[in-house]
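Starting from the given sequences, assemble the full structure and let the hints guide the process.
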Amino acid sequence: GESVGLHLPTLSVQEGDNSIINCAYSNSASDYFIWYKQESGKGPQFIIDIRSNMDKRQGQRVTVLLNKTVKHLSLQIAATQPGDSAVYFCAENGSGGGADGLTFGKGTHLIIQP
Amino acid sequence: EAQVTQNPRYLITVTGKKLTVTCSQNMNHEYMSWYRQDPGLGLRQIYYSMNVEVTDKGDVPEGYKVSRKEKRNFPLILESPSPNQTSLYFCASSGWGSKPLHFGNGTRLTVT
Chain F
1 GESVGLHLPT LSVQEGDNSI INCAYSNSAS DYFIWYKQES GKGPQFIIDI RSNMDKRQGQ
61 RVTVLLNKTV KHLSLQIAAT QPGDSAVYFC AENGSGGGAD GLTFGKGTHL IIQP
Chain G
1 EAQVTQNPRY LITVTGKKLT VTCSQNMNHE YMSWYRQDPG LGLRQIYYSM NVEVTDKGDV
61 PEGYKVSRKE KRNFPLILES PSPNQTSLYF CASSGWGSKP LHFGNGTRLT VT
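Those sequence lines, one after another, are chains F and G. Heads up: the first sequence begins at 1 in this note's numbering, then just goes up one per residue. Heads up: the second sequence begins at 1 in this note's numbering, then just goes up one per residue.
What the hints contain is simulated information worked out from the structure, not anything from laboratory work. Treat the hints with caution; some may be incorrect.
[To be verified] Restricting the straight-line Cα-Cα distance to at most 25 Å, the calculated cross-link-like pairs of lysine-lysine (BS3-like) are:
1. F:Lys71 <-> F:Lys106
2. G:Lys71 <-> F:Lys42
3. F:Lys42 <-> G:Lys65
4. F:Lys106 <-> G:Lys71
5. G:Lys57 <-> G:Lys18
So this is what it looks like as structure tokens:
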């Protein structure tokens, strides 16, 4: 079946290093992708999105890369800080239920080592 | 401040006792949705609403009801809660044609 997944449930990085969180999707018809950050005790918070007509999009300290050929999405966080510690979800449209059509991955827990 | 507000944040109840979790958004969003989040399963959609008086089932609607009598409110109703509905619940909203969902801070429900 169609799914959105992340390669690693947990990722540990040193403070100050760059973090790369990966996501694979299986629906080639998906044309919109989102990354969310969920801190402990809070709801998912929108970070950045990208449409399928783009390969790369940058925000403040974050970059999303989309490789449609291999159906792969990644989130890069530059100079990781303690406040980046959270669970990160990717989401795609095109295969989920509901008007938003979003299907969520199960998340990668980013752990920042001092 | 633009936000989605859920209440209560924590709720412990017993099997069969009807409960309602409220959700309100102040962004004039047309679209609202309820999700449950369980370990290993991620976010799963329960119900959604595209506008006032319009609601539809998501992926896991069994045991839940919703209503959308006003644009800003979208309560989740459990008529007869069961232990398998113990979960973390999120309400979310978005503007029409605007994809990013805005989430509330969650309601942790325990049914004993």
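Each hint tested on the structure:
The straight-line distance between the Cα atoms of Lys71 of chain F and Lys106 of chain F is roughly 17 Å, inside the 25 Å bound, and the hint therefore holds. Between Lys71 of chain G and Lys42 of chain F the alpha-carbon distance is near 24 Å, which keeps this suggested pair within the 25 Å criterion. The straight-line distance between the Cα atoms of Lys42 of chain F and Lys65 of chain G is roughly 24 Å, inside the 25 Å bound, and the hint therefore holds. Distance check on the hinted pair: Lys106 of chain F and Lys71 of chain G sit about 30 Å apart at the alpha-carbon level, beyond 25 Å; violated.
Between the alpha carbons of Lys57 of chain G and Lys18 of chain G the distance comes to roughly 20 Å, so the proposed pair stays at or under 25 Å and holds.
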